[in-house]
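Chain A is already provided as a structure; the job is to place chains B, C and D on it using the hints.
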Amino acid sequence: MGSNMAENHPIAFRHVLQAKDHGATIVHADPRFTRTSAMADIYAPVRAGSDIAFLGGVIRYILENDLWFRDYALNYTNIATIIEAGFKDAEADGLFSGWNDKTRSYKVDTWQYEGEEIPSSLSEHLPSTTPERREHAKRLSEAPPPSDLTLQHPNCVYQIMKRHYARYTPEMVERVTGCPRDVFVKVCEAWAKNSGRERTGVVCYAVGWTHHSTGVQMIRAAAIIQSLLGNVGRPGGGIISLRGHSTIQGSTDVPTLYDMLPSYLPQPNAHMPHATLADYLKAETTDTGWWHNLPKYMVSLLKAWYGEAATEANQYGYEWVPKIVGDHSMLPMTVAMRDGLIRGMYVLGQNPVIGGSNADMVQRALAKLEWLVVRDFMESDTASFWRNGRLVQKGELRSEDIGTEIFLLPSSLAGEKPGTYTNTHRLVQWHDKVVEAPGDSRSESWFVYHLARRLKAMHAESTQARDAPIQAITLDYHLEGEYDDPSADDILKEMNGWTVADRKQVADYKALKDDGSTACGVWTYSGVYPSEDHNASRSRVPDAPDGPGTHLGWAFAWPSNRRTLCNRASADPDGKPWSERKKLVWWDAGARKWIGRDVPDFSETTPPDYQPDYTKKPKGMEALDGRSPFIMIADGKAAVFAPSGLKDGPLPTHYEPVDSPVHNPLYAQQDNPVVKKWLRPDNRYHEIGDPRFPHVMTTYRVTEHQSGGGSTRGVPILAELQPEQFCEIPTELAAELDIGNTDWIVVSTLRGEVESKALVTDRLRPFEIDGKRVYQIGMPYHFGWQGFAVGDVANALTAVVADPNSSMHENKAFTCALRKGRVQPGDE
Amino acid sequence: MAIHPRARDFPQSEFLGPIPDESEITAGTRIVPGRSYGFFTDTTRCIGCKACESACKQWNALPADNMALTGDSYDNTGALSASTWRHVSFIEMIGSGDARATEMAPYQSNWLMMSDVCKHCHNAPCLEACPTGALFRTEFDTVVVQQDICNGCGYCVPACPFGVVDLSAVDGKAHKCTLCYDRLKGGLEPACAKACPTDSIQFGEIGDLQESAHRRVEELHARGVSSAYLYGAPGTPGATGDLGHLNAFFLLTQRPEVYNLPPAPTRASRRTAPSLLSGLATVAGLAAAAMVLLRGRA
Amino acid sequence: MKEIRPGIGKRARGFLRDWSLPRQLAGQSSASDAARSTQSEALRPRLEQADKVGTVICPYCAVGCSQLLYARGNQVIHVEGDPRSPVNAGTLCPKGSATAGWLNSPLRETKVKYRAPHSDHWEERSLDWAMDRIAYLTKRTRDETFVEKLPDGTTVNHTLGIASLGGATLDNEENYIIKKVFGGALGMVWIENQARI
Amino acid sequence: MSYPGKIDAVSGPLDRSEKPRSPYGRTGDSAQFRRVYDGPTYYGRNTVKPSPFDWKIATYIFVGGLAGAAEIIATLADLDGDPEYADTVRQGRYLALAGTIAGPPLLIAGLHTPSRWFNMLRIFRATSPMSIGSWILTAFGGFATVTAAAHAADDAGWRPRTRFFRKAARLMQIPAAIAGAGMSVYTAALLAATSTPLWAAAPRLLAARFGAAAMAAASAALSLGARRRRRYAAAERLEDFFALATLTEALIARNANTTFREKGVDDALHMPRYRAAYGGGAELLGTAAPLGLYVLNRLSGRRSERLAWAGALAAIAGSAILRLTIMYAGNESARRPESYLAMTQPGRSP
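Residue numbers (the working numbering), protein chains in the order written: chain A, 54 to 881; chain B, 1075 to 1372; chain C, 200 to 396; chain D, -3 to 346.
For reference, chain A alone in the conformation it holds in the complex:
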């Protein structure tokens, strides 16, 4: 669900088919009948953007029919936990307690555990997304979470959930999603069946879930189901996030993201109590659970960055780390560029004029920059927007009016530089340098390093405080080869960490200290380079056929080369495997430690029957009992009810996409109440059911191309496999509009107009949504004007609008108009 796995992750789908060979049932729920659907045992058609209604229905089905895995969920989730008496569920109005209509945000006091405060497990570790705190509340180090294992307490999570999802009946699911109820029930049955000691089920999702204004809650809903069914932390279970770029996981762990420092440490925020390092650590360190170690990681990071200049006296350089003042993600970045706030920009191997939402606005924004550096292997669409971009071609922008100074620097590709990727399964894999990149092509490391060297030289004499971090930042890397490439091994070693005194690599993150004696760039990766000459990401030994099958000798999975997270849950509360068939990690009573086929994800020697002694106010892992597999969460339990960390509610709730053809059939609240909108003339949204925009559009990828498309549109033998932009239209709609296969059509929204050829197909179908016929259409977003396979830019249709938790855009579900013909000059 939310993923077209066979098309976009064919090799991952290889494993799905192998599971099928062993008897697995494959279910695909998707707006389009895709190549994944063709391989499914059950295909459930759902209208784009209605996934929470579907998943909520599954939760209701599981709870109503008592199909959940009791031994697992009672022990490993917070299903029995009692929530504050003041909590009010989202009833007909669709809003939870704590709603403030003026600020359009929630105050989360009433979502907390009764009398207790639960810090979030997300990168902002504060209990609330607003900086207010309930000082009277107890902490988890003072008492265990209040719970009722009989599940009778009216405010225990089980009862709250049952009430919350009562309205998500199969009939309602059909009304909202368009999925026939019998198909829906078949899915529920199949899912619920793959639960228990002997069986597990897995959910695979991708951007079909994240690209929504409710994306985080869609994934939450799946997490709830998987937790109820006992499908987390066990072999063949889990929620698999199929990510889209080679090291997109790596670029999240080692974030080139605004809101995080490496390994999920929050970026200091001017609006949070982050003024000093002490404040920051106080605010962000949780009393209980693994995140109690946060200070060690933060101080080690600062030591890695600022080296000798980082001292206890200057808070290890903490104040040099820039503070954010709001949302600095890509969507507001576009707006800020458009408004002239951002003056210069580096684009490093990305193609925002194709992949960015409201692509025309992106182009207009780029045209406002003073300077732009594009690093790519070819003249990408972004690099050439001023010359032959969509708006230049349409006559809406003229080259001579664009004052941006633009650099196109050729970049080297895989095989031309050494380094690591972190792939979707957290596997940190080294790739060798085999050849030298052609001509002036250089790596990003080279670019940043040599830019930094120049800047250091330019600021060497400066006495201004603002220039101190430039002077302080360490660049102690060996230079290699003809072009002085900074050594990737050295950078990876820094990421792994070392002891400051003797520069010895640390074996793993347990060796890190908060006293400045260790330096570590990326704590979760600690262990990837545990000694001077051992690069674990470069190990290439698979398991033998009779081996454990976890392939611990193949590359390095963070953290600690662990392949399955939360794998304490693969053993029952007493530490025994749930079954022989689903055995992974277990408690060895003789040796008094956890052992198994994978690296155990738990305190190595904490027995299953361990209970914290609250009289001693236990901290960190000592505060978690022996049955708490989810050690990154403050109470060690899977949060089927999320008391903190989410801006839009503790339980997933169906809201319509911002552009929707119908009124929300479930609640009065139409769309996500805290959705991030940027309403402006060049970024308008559609009214509910606007008759001008009756169809539901979804954008997607196809197997033959990659994302923004440069890396495939520039390769002839791939370009020919999907040579042009197309729009998939259901046969019935095509007949209504007299559109023939491969006829030209125009799709339009208030953001833009896009033309393409029609691909009339039975694979898309009309939906009956709340008694109204709604057509789902779809268009891949790979195409642009550069390369061999060209086509109009699908993202010219999309809007800048975002999920409140992740700032992720909503390009998978919006409404549009469709007509036969081509774009006429001067349209819109």
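Some clues are possibly wrong.
Straight-line distance between alpha carbons at most 30 Å, and here's what the computed DSSO-like set of lysine-lysine pairs gives [said to hold, decoys possible]:
hint	chain 1	residue 1	chain 2	residue 2
1	A	Lys730	C	Lys348
2	C	Lys310	A	Lys509
3	A	Lys509	A	Lys191
4	A	Lys670	A	Lys563
5	C	Lys348	A	Lys335
6	C	Lys348	A	Lys421
Short derived list, chain A residues pointing at chain B, Cβ under 10 Å [stated by the list, open to error]:
hint	residue
7	Met92
8	Ile95
9	Trp607
10	Glu785
11	Thr795
12	Leu812
Derived by calculation from the structure, the hints in this document are not laboratory data. C-beta: ideal position from N, C-alpha, C; glycine also.
Frame of chain A; chains B, C and D shown alone:
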């Protein structure tokens, strides 16, 4: 999926050349001259990703040749040609309106995809037609056009009962799948089969492949896919008309024509003798008549 | 590719060398052995020409398929699946299979291109010049837009004037140094990548 | 042959009548006849590839047949010994020579790598009519050339020994005529031994027809030669034979047409252009007209020179048109999946 134990013999990151007998690791078979090799293409495992097309073109350095949307489902390749030796066909069968299929058979259903390729027929009409010996049967029992011999007469093109062989307008020679003759010589699995993510294309010794294909059909029948059958294995559709078996054979779930395959193709050369003899007999008969009719008065 | 037409003598010798008839008369099969040509006799996979083979990871999606990259000199001659990897066991998708096509793409840029403000064309520039100019512009914009404290006195030490986009297609080491230098040294906060698109 | 289990018959999306935009069949085809094969096709795309052969090969087929048959008739005439045939023998031998000279350039021009024409003699493949043909052509070329050369030498009065060249010609014409028989029919086998529906559907009839057409055209040509030399007796006897050969061809053609129809491969022949060429050119001009004229001529008592010329020329032209039409309509039939799939239905295959 278990990795072949021999993979553990190569723990290094950098090499000096290909892994010896790599096909043993990737396909479970060591390639030995004198034995028969082929492809078993199981359409029920095909996800239509076109890795075979891409891997084939990349390995064989074949150019892109069709840069336009066909509108024929996701098939923008159309057919096998001189520069396309693997072709994935796409057939949408989900139906329209209320007739849209709701039953999803296990494995591929309702949107059929099949990776087509040269069949490397046991009695290959192209080879039999070739007057120069450019087309020949290799030591791996595969059929290859030798580019240093072919003179572009083009006779193999209409001879092929599957529309596989094609003349290149660029170099004026006939081209088709070589079953990666060069790779086989180096102990490497053919590029398409090696790349195939779902093992829809399996490479191996023909006897082994036929055996596992029959097992697969039985397994599919047991799972309720009663329409599964082999095309090109001995005694099945495709292996007809004196062609013998096809070294590249298929598992299908719809009638062959749906995939653009002839249900009962024939070996073209079997028409040579009857044709020649009846022609000669006619001429002989007419010559005899002429002897009578032309009899002079001398 | 330039075709060199062999002379008549060479062609005749070639014909005689590859002449099947004598071999056919000697009893070899006209379908196979007798028909085999010189080229077929000598054929080998081009991977054997490689003088360096390295293990790389597929640069397209995030599944992390391992590949073997074969090079001769500085020329990539092929990229194919690594049979050892538990992820892909030698297989690759269409994109991964075309990795060599990406590396050798006819559209690759190998020189720095510069477009002056309001210009209608690219100019070729040296890498050094471009790096100096970019460093200058970076410093200028940073100096102009750097904020040490907000009006309420909160220290922020950031610049909102420069943004960086990209990272999911790069290496971890590259992301690390980008965040470290752009964030930790320059004080940039607009740092984003494809993980959020 | 049957497919196990449930196979969707021609229904739902495969039915053209219900779904005019269906990808499974070509639309807009104006054919008025009922197709033998009405099942699914793959977006109307061809199942087999058409040959790359064009007018050059078709002309060669005509020329080669004419040459081969001319050699046969010349040989028969020579063996008959009637001095009335002196010119016919010479003309036949020279016609054969002309054919062997014109043929190879046409063939080589038909190659797509003509510089490698000699590879045609690299191997002998009994399964390949083209290989067989290459060797037949070589043999025929050799014997016919020697025969014609000897004849010319004899005519020129070169007589090293008693009528050595005449004897040599007499001797060599036998193998030449046998090869000539091969020349006149192997090209039909060459077409029949393909997967092109129109060619493959009736292999025996095609060769018989080509043989008869070659004999008809050659006798027609030689009858004209005789008339030019005022050898009326020879001409009339040749015309009698020519009529017989044409009649034979017409009968075979009738049978062939029935077979085409039954096998479902005649779609292409119903296209306007091929209907005109085939019906009007090959059949009417090539067989009906000459036969009619012959009968008319015979009925009129005294044979009219004009009618004789008209009939003979019509037959020669028709014979050429026949080869061209079969060539191009054959290629067209290969482009039509319905034709090929009809021909390859179980139990229908040739």
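Cross-check of the supplied hints:
1. Lys730(A) - Lys348(C): 28 Å, holds
2. Lys310(C) - Lys509(A): Holds, at about 26 Å.
3. Lys509(A) - Lys191(A): 49 Å, violated
4. Lys670(A) - Lys563(A): 22 Å, holds
5. Lys348(C) - Lys335(A): 22 Å, holds
6. Lys348(C) - Lys421(A): At roughly 27 Å apart (the allowed maximum being 30 Å), Lys421(A) and Lys348(C) satisfy the hint.
7. Met92: 6 Å, holds
8. Ile95: 6 Å, holds
9. Trp607: Holds - the Cβ of Trp607(A) comes within 10 Å of chain B, reaching about 9 Å at its closest.
10. Glu785: For Glu785(A), the interface hint holds, since the closest Cβ of chain B sits about 7 Å away, which is under 10 Å.
11. Thr795: 4 Å, holds
12. Leu812: 6 Å, holds
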